[in-house]
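Enquirer: Given chain A's structure and the hints, the job is docking chain B onto it.
Take a look at the letters that make up each chain.
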Amino acid sequence: ELKVEQNPLFLSMQEGKNYTIYCNYSTTSDRLYWYRQDPGKSLESLFVLLSNGAVKQEGRLMASLDTKARLSTLHITAAVHDLSATYFCAVARRNRGSTLGRLYFGRGTQLTVWP
Amino acid sequence: NAGVTQTPKFRVLKTGQSMTLLCAQDMNHEYMYWYRQDPGMGLRLIHYSVGEGTTAKGEVPDGYNVSRLKKQNFLLGLESAAPSQTSVYFCASSYGVSGGSYNEQFFGPGTRLTVL
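If you read the sequences in order, they're chains A and B.
The opening residue of the first sequence carries number 12 in my numbering; numbering runs sequentially from there.
The opening residue of the second sequence carries number 195 in my numbering; numbering runs sequentially from there.
Source of the hints: derived by calculation from the structure; they are not laboratory data.
A couple of the hints might just be wrong.
Said to hold, decoys possible - Think about it this way: if two alpha-carbon atoms lie no more than 25 Å apart in a straight line, the pair counts; the simulated SDA-like pairs of lysine to any residue are:
id	chain 1	residue 1	chain 2	residue 2
1	A	Lys52	B	Leu310
2	A	Lys14	B	Val244
3	A	Lys52	B	Asn222
4	A	Lys79	A	Gln68
5	A	Lys14	A	Tyr30
6	A	Lys52	B	Tyr289
7	B	Lys203	A	Leu13
8	B	Lys203	B	Arg262
9	A	Lys14	B	Val254
10	A	Lys52	B	Glu253
11	A	Lys14	B	Lys203
12	B	Lys203	A	Ser37
13	B	Lys251	A	Arg118
14	A	Lys52	B	Asn267
15	B	Lys203	A	Ser56
16	A	Lys14	B	Phe300
17	B	Lys264	B	Gly197
18	A	Lys52	B	Gly210
19	B	Lys251	A	Ser37
20	A	Lys79	B	Glu298
21	A	Lys79	A	Asp41
22	B	Lys251	A	Leu13
23	A	Lys52	B	Thr248
24	B	Lys265	B	Pro303
25	A	Lys67	A	Thr78
26	A	Lys14	B	Asn222
27	A	Lys52	B	Arg238
28	A	Lys52	B	Pro303
29	B	Lys203	A	Asp49
30	B	Lys251	B	Met213
31	A	Lys52	B	Gly247
32	A	Lys67	B	Arg306
So here's chain A without its partners, still in its complex pose (with noise of 0.2 Å):
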């Protein structure tokens, strides 16, 4: 079974400074997601990236892939309020024998900003 671990699960961050999500995976994947969801709303895609040393970027937030380390990070650049929110990272891999694809996803970092 797939264990995907984000850190920190809770941060708290001034406006206008830099800080990384960690989302660390426990088996072979080339495919990893994140969501960003708001409180009591659904959850929004962010970035899709799919294959290793894939970096993709928007607005503030960056992201990353290493599949060798099997590492994702989401580096937030000069945080303000309106990125509050939970982010969510999931990997995803193809069952055993089987063409589907499952999406796992990590429990979700709380970010809050504050000015």
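Expert: Coordinates of chain B only, in the frame set by chain A:
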């Protein structure tokens, strides 16, 4: 396009009651999924479907049943609700292509269920 929709948005049940959650998608996706989300947890897969008329168990299937009679709809049933099934339920869908469901999943707005 409405994307993925779920009904109802909220529901309160008494222990032992039954109910069905409906998920609909208008993106012509092959694959559909039901997840539950509990506080401090990620999403856990309950059941999924790789096409009309086919369903399979995920990691937490006990106490739930599903049906996919039409490609655009995926129903989640609770035959005899228990307090442990109090949760937020999300439906998702994705394209199914050769090589499996590696494509991005699109999520519905969720159903908040409380079982007393």
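Enquirer: Run every hint past the structure and note whether it holds.
Expert: For each hint, the structure was consulted:
no. : hint                 : verdict
1   : A:Lys52 to B:Leu310  : 23 Å, holds
2   : A:Lys14 to B:Val244  : 23 Å, holds
3   : A:Lys52 to B:Asn222  : 23 Å, holds
4   : A:Lys79 to A:Gln68   : 21 Å, holds
5   : A:Lys14 to A:Tyr30   : 23 Å, holds
6   : A:Lys52 to B:Tyr289  : 23 Å, holds
7   : B:Lys203 to A:Leu13  : 31 Å, violated
8   : B:Lys203 to B:Arg262 : 20 Å, holds
9   : A:Lys14 to B:Val254  : 15 Å, holds
10  : A:Lys52 to B:Glu253  : 23 Å, holds
11  : A:Lys14 to B:Lys203  : 30 Å, violated
12  : B:Lys203 to A:Ser37  : 35 Å, violated
13  : B:Lys251 to A:Arg118 : 21 Å, holds
14  : A:Lys52 to B:Asn267  : 21 Å, holds
15  : B:Lys203 to A:Ser56  : 21 Å, holds
16  : A:Lys14 to B:Phe300  : 22 Å, holds
17  : B:Lys264 to B:Gly197 : 16 Å, holds
18  : A:Lys52 to B:Gly210  : 28 Å, violated
19  : B:Lys251 to A:Ser37  : 22 Å, holds
20  : A:Lys79 to B:Glu298  : 22 Å, holds
21  : A:Lys79 to A:Asp41   : 10 Å, holds
22  : B:Lys251 to A:Leu13  : 16 Å, holds
23  : A:Lys52 to B:Thr248  : 29 Å, violated
24  : B:Lys265 to B:Pro303 : 19 Å, holds
25  : A:Lys67 to A:Thr78   : 15 Å, holds
26  : A:Lys14 to B:Asn222  : 31 Å, violated
27  : A:Lys52 to B:Arg238  : 17 Å, holds
28  : A:Lys52 to B:Pro303  : 6 Å, holds
29  : B:Lys203 to A:Asp49  : 16 Å, holds
30  : B:Lys251 to B:Met213 : 19 Å, holds
31  : A:Lys52 to B:Gly247  : 30 Å, violated
32  : A:Lys67 to B:Arg306  : 33 Å, violated
The earlier numbered hints that this structure contradicts are 7, 11, 12, 18, 23, 26, 31 and 32.
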